[in-house]
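Chemist: Position chain B against the provided structure of chain A, taking the given hints into account.
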Amino acid sequence: DAKTTQPPSMDCAEGRAANLPCNHSTISGNEYVYWYRQIHSQGPQYIIHGLKNNETNEMASLIITEDRKSSTLILPHATLRDTAVYYCIVRVARNTGNQFYFGTGTSLTVIP
Amino acid sequence: NAGVTQTPKFQVLKTGQSMTLQCAQDMNHEYMSWYRQDPGMGLRLIHYSVGAGITDQGEVPNGYNVSRSTTEDFPLRLLSAAPSQTSVYFCASTRAGTDTQYFGPGTRLTVL
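Heads up: the sequence lines are chains A and B, in that order.
Letter by letter, the first sequence follows residues 33 to 144 of the working numbering.
Letter by letter, the second sequence follows residues 499 to 610 of the working numbering.
Chain A extracted, bound-state conformation (with noise of 0.2 angstroms):
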């Protein structure tokens, strides 16, 4: 069963803000929700996590419902660079370490 749903694609003009939903509704209350991206084929780029609470960092922003049955990822003022594949992630504590498990992704582009 798919841990997370996002729309297969967006588009967002340079410059403005890129907003970047993510259904997680099965989530458990120790679950975190991580964001990734992938360009071209390169391998998955960390961006940001969290757990309840909103999250910035130089990257982007994370805004978790109260719910926590959604999240979205926010990207201020996007660039060409930021045309990408983003992955909405939740990350599963298990005694033998920490899963991720992926979704099918966001192809956001950039349009100039």
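Derived by calculation from the structure, the hints in this document are not laboratory data.
Model, not experiment: these values are computed from the prediction.
There's no promise every hint is true.
[Unchecked claim] Covered by chain A, per the in silico footprint, the following chain B stretches (three or more residues, Cβ under 8 angstroms):
{"id": "1", "stretch": "534-540"}
{"id": "2", "stretch": "552-561"}
{"id": "3", "stretch": "580-591"}
{"id": "4", "stretch": "601-607"}
[To be verified] Quick list of the computed label-pair ranges, beta carbon to beta carbon:
{"id": "5", "chain 1": "A", "residue 1": "Ala49", "chain 2": "B", "residue 2": "Ser578", "range": "18 to 24 angstroms"}
{"id": "6", "chain 1": "A", "residue 1": "Lys101", "chain 2": "B", "residue 2": "Pro537", "range": "25 to 31 angstroms"}
{"id": "7", "chain 1": "B", "residue 1": "Gly551", "chain 2": "A", "residue 2": "Thr97", "range": "38 to 44 angstroms"}
{"id": "8", "chain 1": "A", "residue 1": "Asp99", "chain 2": "B", "residue 2": "Leu577", "range": "24 to 30 angstroms"}
{"id": "9", "chain 1": "B", "residue 1": "Ser578", "chain 2": "A", "residue 2": "Ile143", "range": "44 to 50 angstroms"}
{"id": "10", "chain 1": "A", "residue 1": "Ser57", "chain 2": "B", "residue 2": "Glu570", "range": "36 to 42 angstroms"}
{"id": "11", "chain 1": "A", "residue 1": "Asp99", "chain 2": "B", "residue 2": "Asp571", "range": "38 to 44 angstroms"}
{"id": "12", "chain 1": "B", "residue 1": "Gly551", "chain 2": "A", "residue 2": "Asp43", "range": "47 to 53 angstroms"}
{"id": "13", "chain 1": "A", "residue 1": "Ala49", "chain 2": "B", "residue 2": "Glu557", "range": "32 to 38 angstroms"}
For each residue, glycine too, the CB sits at the ideal point set by N, CA and C.
Modeler: Chain B only, in chain A's frame:
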């Protein structure tokens, strides 16, 4: 630091052949993982390791073996390749106490 390296970059196998995909990291990270990515899909966890001598199965472990004899290396073995194993394989490493995964450049495997 070279980060996470993977060899080979490309490989073509015939059904039934065996081979080992190599993964190495020079960051002294405790955790290492193998994922596969099929066209248009997110990454799925095959096997992972929380330290030398310790491995566990992920979502899609069938047809693959791993071992972790050193901190640096985490090879993935295909015992008898099948066309369904045609995919891009990514290796990742993580420092214990953090959850930021560093991914290698990937190995593109085709099984005929």
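Chemist: Which earlier hints turn out false for this structure, listed by number in ascending order?
Modeler: 5, 8
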